[in-house]
Amino acid sequence: MQARTQTLWQRILGIDRRWLYLILFVNIVTFLVAPIRMPASVSPPVQKFHDEIEKLQPGDLVMISSNWSASTLAENQPQLEAVITHLMRKQARFTIISIEAQSRDISYRLAERVTKEKGYQYGEQWAHFGFVPNLIVAIKGMVTDLPGTIKQDVRGTEVSKLPVVQGVKSLSDYKMVIDVTPSGTVPIWISYSPKNVSILYCPTSVMAAEAYTYLDSGQIKGMITGAKGAQEYEQLLTVVGLGTRFMNAISFSHVLIIVFILLGNFAMFMNRLQQRREG
Amino acid sequence: MHMLTNLMAQQTIWRLPEESRILFATLIVLGAFVLILGLAPVLQTLPPRGRRAIIVTVTFLAGLFFAAEFFLPVDWTAIFPKDDPKRNFLTPAIQPAQNVLQIIGALALGLGTFGLVRLHLRNAVQRRAQWGYSIVLLVSFVVMATLSILNTLAEKEIVERGPVLKRAFSILFDYTLVQLDAAMFSLIAFYIFSAAYRAFRIRSIEASILMFTAMLVMIGVVPLGAFISYTLLGLPEAGAPEGANFLTQLEHSIGLPKIANWVLTQLNAPAQRAIEFGVGIGGLAMAIRLWLSLERGVT
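Residue numbers (this note's numbering), protein chains in the order written: chain W, 1 to 279; chain R, 1 to 299.
Simulated from the structure, these hints should not be mistaken for lab results. Given the structure is predicted, the values throughout are model-derived calculations rather than measurements. All C-beta atoms, glycine included, are put in the ideal place defined by N, C-alpha and C. Check the hints yourself; a few may be wrong.
Some chain W residues near chain R, calculated using beta-carbon distances under 7 angstroms [to be verified]:
1. Leu20
2. Ala34
3. Asn134
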């Protein structure tokens, strides 16, 4: 029996997924290396985030909750780098805490590299509190007794002896908390952290949609959404970081997806039309 | 006995000086350990109903402690004159209780590790199907754990961080684990592309609305959206001046980034809020069910 030949539209509709993967791969690689830089339109949540950090005075204390692993590195690393850069510009002191075991190492090494470039002193101006296994427990503990809850930093120094948190008894002594995470941890910070501490949020793009409700209510003071938000933030800081480099590839991948969605619909429409004509 | 009465009078074991606290904490841990060891055979002999009663009681009391600490009024100086009027008499116990929770969390991590190693050891020893992968897992586990522990000790300056340790940890962590993890997650982009191509079809009005909204947001949130709107089409980026007529206001509002932001804040946020209210109420109901051991899993 002779096999029925497929029309062009049917072939487009049934395209092998490996071709799609290849097209996307070529698109990403091309626009990662292409020297095109498109300025972003700074979104209101990113602008609010920036303005909130601008309000900090030299010496103000900030807690960064870094809970991401390598899987979301493309989004969370540019965010964390941009935030640390801004905090250093404002001469703010900061401490980092991780509830993700892998993030303890990644964020510590990242912060060490970024701070070393700017001559920020470990222990004096920043510190890493390491990994804590349960965020709710950790926050509740830090609210009542921060040195007693954390006990030691990643280098084994007692928290009470770290100059960066000298005299700090509780989380209430901090000015703000910045949650850099791909998980839904920000409601936990909102629920349990002291009311005088501002909360800023750096989620991955997929998690950002849920956070707009907290932005509206003012429970989150600002938000950097994924690599796209990081690019906008880098633009505000006038630096070229990972966010700016990644954004081209992301932009044109979005365009590619839209083009293929339209192509798929057009092929479906044409195929139906052809079938109707053929009776 | 006198010591215990003293403690009761101060009603704070956790406010004792450091040395006494460590001694008491050690005694408590040892006591709990002996109790558990002693109770385990007794519990085994109990019928399921008896075991359930113990689990239900412990769960209820543990939940009650946290609930009572949160809901009780703060000032108890009328009964405990030495107490801080800004917190109730249970508050000082919160920190030790949370330490216990952290230990339980860490134990769960240890238990998971033990289960994983036991399963793959059995696979390897009994040469079950695909036992080679189990060997790879066990070797990777031991090597990574050893180097991670050494690296942590080196960070705390307990052991020296030699060039071999530095290089080996870097190869395994930075150049292997981190890269593999990132690569695994990035595969999602390819699946999303394939799925979007096949699934986003105009089959109904609802699907069409969803598709066009998604496309507007997708292009509006990236710099290309700003480029198309403000550079190619020449739309104004700033907001409309006050008192501007309808057409001017419209012109200032139809840039793709502004449409995307409007969809996210005016359409998405209320829907998310409604979902979160539902989830919150559901979570509360589930928490009460767990606290009162009404869940079927408690047997």
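Comparing the hints with the structure gives:
no. : hint   : verdict
1   : Leu20  : 5 angstroms, holds
2   : Ala34  : 13 angstroms, violated
3   : Asn134 : 5 angstroms, holds
Comparing the model with each earlier hint shows a violation of hint 2 alone; every other hint is respected.
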